[in-house]
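K.L.:
Spelled out, the chains give:
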Amino acid sequence: MAEDMTPRTIDKRKLPELAGLIIAAGHRLYGPVRNGGEVTLTEIAEKPPLDFAYGNFKMSPKNFFLPQSEVICRFCGGDMLKDAVSAEEKKVLLGIRPCDARAVWLMDKVFLEEPGDFYYKQKRDSTILISAACLSPETTCFCTSVGGSPAGTEGSDILLFDLGKALLLDPASPRGEDFLNRFSEMTSEASKKQVSQKEQLAQEAASRLKKISLDGVAEKFARAFDSDLWAAPSQKCLGCGICTYFCPTCHCFDVTDETVREKGRRLRTWDSCMYPLFTLHASGHNPRPSQKERVRQRFMHKFSYSVQNHGELFCVGCGRCIKNCPVNLDLREVITR
Amino acid sequence: MNGDGNRNPYIPFPAKIEKITIENADRDIKTFKLAFLDEGHRRAFQYLPGQFAELSIFGKGESPIGIASSPTEEGYLLFTVKKVGVVTSDLHNSEEGRVIGVRGPLGKPYPVEAMEGKNVVIIGGGFAFTTLRSTIRYLLAPENRRRIKNLTCIYGARSPGELIYKEELKEWQGSEDIEMYVTVDKGDESWTGREGFVPTVLKEVAPSSENAIALVCGPPIMLKFTFPMLLGLGFPPEMIVVSLEMRMKCGIGKCGRCNIGNLYVCKDGPVFTYQQLQSLPAEY
Amino acid sequence: MTNMETAEKEKTAEKQDSTQVSDWQPRIVAFLCNWCSYAGADLAGVSRIQYPTNVRVIRVPCSGRVNPLFILSALRQGVDGVLVSGCHPGDCHYISGNFVARRKFALLKNWLEYVGIEPERVQFSWVSAAEGGRFAQILQKVIEGVRRVGPIQKLNKLI
Amino acid sequence: MSANVRTSEELKSAARKLFEEGKIDLLIGYERGTLPLRTTPCFITSAEEVDRLVWDGFCSNNLAAYLPHLFSKEGKPKGWQPPKVAIVAKGCDGRSIIGLVKEKQAPRENVIILGVPCRGIVDLKKVLRALDHKEPVSGEAAEDASVIVRLDGGKEIRLGRDEVLFDSCKDCPHPEAPVCDLHVRPEIPEKKAERDFTDVADFEAKSPRERWDYFVREISKCIRCYACRQACPNCYCATCFAEQTQPKWIGVGTDLSEVMIYHLGRIFHQAGRCVDCGACVRACPMSIDLRVFTRKMVKDVKELFGYEAGISVEEPPPLCTFKTDDDQSFITEP
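Line order of the protein sequences matches chains A, B, C and D.
The opening position of the first sequence corresponds to residue 46 in our numbering, with each subsequent residue numbered one higher.
The opening position of the second sequence corresponds to residue 4 in our numbering, with each subsequent residue numbered one higher.
The opening position of the third sequence corresponds to residue 92 in our numbering, with each subsequent residue numbered one higher.
The opening position of the fourth sequence corresponds to residue 218 in our numbering, with each subsequent residue numbered one higher.
Any given hint could be a false lead.
[Said to hold, decoys possible] No more than 30 Å apart at the CA atoms, straight line, and that leaves these computed lysine-lysine pairs for DSSO-like:
hint, chain 1, residue 1, chain 2, residue 2
1, A, K308, B, K33
2, D, K295, D, K343
3, D, K465, D, K321
4, C, K200, D, K423
5, B, K189, D, K295
Hints in this document: simulated from the structure, not taken from any laboratory.
Please read these numbers as outputs of a predicted model, since none were measured by experiment.
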């Protein structure tokens with residue numbers, strides 16, 4: 046598949062034009078926009094960014110596939126309206142990091158598995174992911190320890206490399222290949238030199254990442270269910286939802302109804318295993334009564350249950366939970382203990 | 004969830020409440036008889052005892068409820084619901100004729116295939132008897148009854164008033180096809196039946212574990228004492244089947260809240276063997 | 092009910108929600124204490140004192156019972172104005188309920204104004220059981236104020 | 218030896234002594250974090266572990282937030298006895314503890330307040346801004362609360378105190394806990410003047426439109442992670458109104474009206490409780506300017522009722538009491 050097509054290249058100066066064509070072709074284009082020190086994935090109307098030298102987006106792109114809040118159906122006075130959900134618009138996400146693309150690939154395993162998740166699939170099918178290889182990883186990054194890499198292609202349709210004056214566009218899926226073909230007049234075939242430069246950049250980036258040893262973490266955690274491993278992290282955990290909301294693979298959600306007078310809707314919203322209400326039964330019984338069980342659940346889900354159910358760790362090493370935790374609860378410490 | 008891959012699994016089918024029966028003296032358990040408005044929906048809803056559905060009240064939310072009717076009872080569904088939270092309270096305030104949503108069937112049923120040629124022991128406690136009622140109805144259908152051997156049922160509730168399906172209990176107690184033991188924790192003046200907790204009665208009745216399978220559903224405290232009793236009677240862990248409860252939302256293994264270990268109660272359960280439970284963390 | 096009928100119903104609901112200034116009438120919720128202001132409102136009625144009909148009265152045992160969330164909740168649900176009224180200070184049936192409430196209300200009043208919500212939206216008053224006429228006057232004033240600032244557009248939830 | 222190092226050392230010996238004398242079961246303090254310029258809360262249960270303790274200008278968490286849960290009977294077995302806890306307290310933490318004691322969330326006799334002298338805490342977001350968002354690899358808080366950071370490659374940069382301190386620390390009038398069982402300090406910090414409310418007054422002076430627009434702008438950033446609430450020591454409700462279902466005050470979605478009512482309700486609920494410690498601001502991952510709003514509540518409580526939270530254990534909370542001549546100029550008259 047992807048190997049069949051040689052990478053394409055485009056002069057950075059021509060990127061605005063390409064962006065214009067993408068938009069003209071009916072896609073909504075989202076790319077990196079700097080806002081103070083933060084980089085966010087923002088809709089681009091005309092002048093696209095030329096700079097891919099940021100660490101990573103403040104928030105992961107999971108909101109594009111599993112929005113924090115989305116309407117499942119609408120109703121009026123106790124009756125459901127059938128045609129409440131509109132079709133998705135075509136989107137292109139430009140410049141997300143390979144770790145976040147890998148997270149989408151991991152979420153696919155949950156949401157595309159039978160019975161497929163209607164809303165997720167709709168968004169996934171209409172979105173092209175152009176990842177930008179991560180050439181300057183941050184200190185909290187550890188993707189290579191959890192199965193990813195700064196130039197990994199899982200989940201991406203196209204992988205982009207910033208070669209200085211030019212960008213290299215490497216198709217990573219048939220969909221990506223098709224996409225590149227549609228705009229082939231804007232790009233040219235990459236030279237051998239460019240391809241080798243790409244490989245060198247990928248290697249350099251990978252070598253800058255600190256490796257942590259996670260061999261057998263799934264089995265270790267499975268055995269440690271009743272151990273005191275969870276005491277220290279859960280003691281200082283405040284029970285907020287930052288780690289789960291910032292996590293690109295955390296996908297637990299809530300379904301609730303809300304009404305204003307006659308009109309109502311059923312919403313699917315992000316939820317967090319850090320909250321006591323997450324598992325509270327209507328009877329008052331709670332199988333996870335304290336923060337210890339809740340913290341344990343988060344780690345078990347990512348590093349043990351997911352391995353059992355999907356064969357993969359549900360962590361991509363983006364480091365957002367570490368960076369944003371208000372009490373500096375460092376996931377790396379827990380998983381290597 | 005059935006077939007059709009393109010169907011949106013989150014959208015409920017509309018169904019009308021045809022009849023509401025108050026089941027207990029406290030009046031907080033009611034049975035709702037539902038019929039789908041759409042014939043296609045009715046046909047698509049193929050289920051077996053032990054499965055559940057999300058009952059949907061628009062504007063209030065959804066609640067996962069075990070299906071109390073048997074697939075052998077055609078044309079309607081029964082759900083026995085205790086008034087606890089927002090959705091169930093609103094449902095309890097319904098009048099006959101109201102249209103609500105039904106999403107399902109969800110989860111795995113009791114292993115009806117595994118009961119073939121076996122003695123079946125059914126042990127239920129309190130209001131958790133609903134899917135066991137479905138099972139008994141199902142097994143008592145002539146075409147199924149001949150496929151199993153003895154059918155024994157022990158069912159208990161806190162008090163005589165709290166026994167549900169009273170008419171049927173009477174009917175079954177008089178039936179040749181099922182050996183029915185009904186017990187209450189504490190009787191009243193008019194109670195002439197058994198008194199005692201379910202596990203105690205189980206010990207007295209002592210059904211043979213030979214070529215037998217036990218289905219258990221009840222409150223946690225009953226389960227706690229019933230399991231050792233069954234093991235003591237010689238039931239192997241893989242022949243003890245239990246149905247569990249968890250807070251649920253999606254019902255299809257996506258929303259991530261009803262897991263016990265790596266298994267989701269909504270899609271891998273709610274029916275588990277005791278053997279499975281032993282290999283899972285006791286987080287339920 | 093068919094989908095079309097339901098959609099029609101939703102349209103009607105929308106119409107009721109719509110905030111066309113021409114035929115807009117302010118919707119007011121009044122939390123009235125059982126012992127004074129509610130009786131005052133009652134007296135206004137019995138005395139056939141004319142007062143506007145766009146008010147929905149919620150009787151509470153004491154102005155001290157009014158949780159600030161009641162007020163926020165009313166605004167969230169699209170009420171254009173809220174009046175809370177209790178016994179005059181010193182006349183509380185529960186001795187000091189309204190004194191304690193007064194502190195809460197003072198803070199809440201400032202708080203909502205601080206974030207830019209029109210002060211006319213949420214108002215507080217003291218009305219005794221004998222002040223039927225006064226109740227009607229205050230209500231009139233509240234409604235006029237709300238009419239001046241128009242339909243609620245902040246804090247109300249739209250679906 | 219710097220004052221911070223000396224305080225850390227004194228803290229260790231005080232802690233060791235408390236454990237050795239059997240006076241405490243648990244000590245809550247700070248230890249070195251895993252990230253540069255960070256500390257992390259630590260829970261110490263024996264004299265052997267006290268060497269983990271540190272004290273410096275990076276101890277940003279308000280440790281009082283852990284107390285309500287430690288002393289709550291909920292989920293504890295029968296016959297459970299509340300633990301004896303020592304807690305490292307900056308001025309603001311100490312004031313939060315007083316609030317908790319007053320509201321019966323922590324029994325005074327079970328809490329040993331170890332007061333440390335605080336010269337202000339470093340705001341990492343400000344450090345990053347000053348470094349043009351280059352990640353520092355290490356750094357330390359200097360004596361005068363300026364900060365020395367080192368970048369990848371060894372370059373050392375000194376940042377001034379005013380550039381890096383949290384806003385809530387800048388002119389903090391309470392460098393020490395007002396109520397304290399044990400002062401851990403090499404020297405007595407100087408008393409500071411009371412803080413004025415010009416920041417709030419400036420906001421009040423804006424037009425309603427401007428105030429509303431700012432409120433909208435800030436609240437729009439909220440992702441409803443509830444970190445502000447969880448980090449706040451005085452937000453101890455067993456079930457927050459935001460999560461109640463019967464009645465359901467607000468929905469769980471991201472509609473601005475829901476998010477606004479969450480913040481309006483939460484901050485209002487802090488009236489007479491908020492000690493302006495800045496824990497909510499520090500915890501917020503979206504950098505919402507909550508302080509301009511929480512400060513309003515502090516100001517009004519002070520101006521209307523003459524009350525300042527976290528100063529005395531005896532003084533009743535302002536919303537549980539009244540004066541017959543409290544201001545009522547806000548009341549609508551016909």
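K.L.:
Could you run down the list of hints and mark each one as holding or not?
P.N.:
Verification of the hints:
no.	hint	verdict
1	A/K308 <-> B/K33	28 Å, holds
2	D/K295 <-> D/K343	48 Å, violated
3	D/K465 <-> D/K321	27 Å, holds
4	C/K200 <-> D/K423	17 Å, holds
5	B/K189 <-> D/K295	27 Å, holds
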